[in-house]
Amino acid sequence: MSTFRQLITRIALAAARRAGIRIARVVVRPLEGSPQPAAPDAIRCRLVKEAELRLWSFDPALQLNEAQLRSAFERGDVCVGAFDRWRLVGYEWLGFRATPHAAGLWVQFRPSDCYMYKTFVHPAYRGLGIAGLLNAAGNEIAARHQRERVICFIDLKNSASWQAAKRSGSFTAGYVGYIACFGRAIAFRTAGASRQGFRFSALS
1 MSTFRQLITR IALAAARRAG IRIARVVVRP LEGSPQPAAP DAIRCRLVKE AELRLWSFDP
61 ALQLNEAQLR SAFERGDVCV GAFDRWRLVG YEWLGFRATP HAAGLWVQFR PSDCYMYKTF
121 VHPAYRGLGI AGLLNAAGNE IAARHQRERV ICFIDLKNSA SWQAAKRSGS FTAGYVGYIA
181 CFGRAIAFRT AGASRQGFRF SALS
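Numbering follows this note's numbering, with no gaps: position 36 of the sequence shown is 36.
It should be emphasised that the hints constitute simulated quantities derived from the structure, not laboratory data. Quick caveat, the model's predicted, so the values are computed rather than measured. Heads up, a few of these hints could be off.
Unchecked claim - Here are the simulated lysine-lysine pairs, DSS-like style, with alpha carbons at most 25 Å apart:
{"no.": "1", "residue 1": "Lys118", "residue 2": "Lys166"}
{"no.": "2", "residue 1": "Lys118", "residue 2": "Lys49"}
{"no.": "3", "residue 1": "Lys157", "residue 2": "Lys118"}
Start from the sequences, fold in the hints, and give me the full structure.
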């Protein structure tokens with residue numbers, strides 16, 4: 001995309017957000033055939049239990065909220081963490097049923113899919129390929145839960161996350177969004193998102 005087109009796109013997205021419009025791409029990640037991630041040898045990924053994750057909520061750089069952690073684990077979501085020896089340096093959440101988003105909306109998806117949300121890497125560890133390791137670990141967990149693929153959405157302005165997703169073998173399958181006005185949210189989606197069974201909904 002040219003610099004001029006990038007500028008126009010950014011202006012349009014900024015105007016949309018001010019108007020209460022949110023737009024995101026629906027991203028699908030196959031469980032097989034994804035590129036092998038490259039990252040420091042010291043980084044290892046594994047499942048993180050609720051009690052352990054709460055211990056790390058003291059670090060504001062990790063953006064962990066205890067109430068959100070409790071709600072996620074109560075739903076049956078799982079968290080895969082990336083560790084530099086003993087230190088938690090990144091994490092990725094995986095959901096297996098309807099998951100709350102924002103503005104009273106829930107994310108709904110096919111029962112055969114695994115929903116990935118909030119892949120996060122500590123600011124001091126970004127640019128090392130850790131997101132790719134988390135994605136690979138997420139694929140393994142999805143397979144153990146007998147899911148066919150991983151699906152998520154990425155805000156159109158979040159180019160860094162989209163580039164990382166592409167490196168993990170993901171592709172855009174459609175678009176979803178919502179308009180927030182007068183305390184309500186009106187969801188919409190493209191035909192591509194509809195074919196994938198992915199949507200925002202006011203019902204859990």
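Unsatisfied constraints (hint numbers, rising):
No numbers; nothing is violated.
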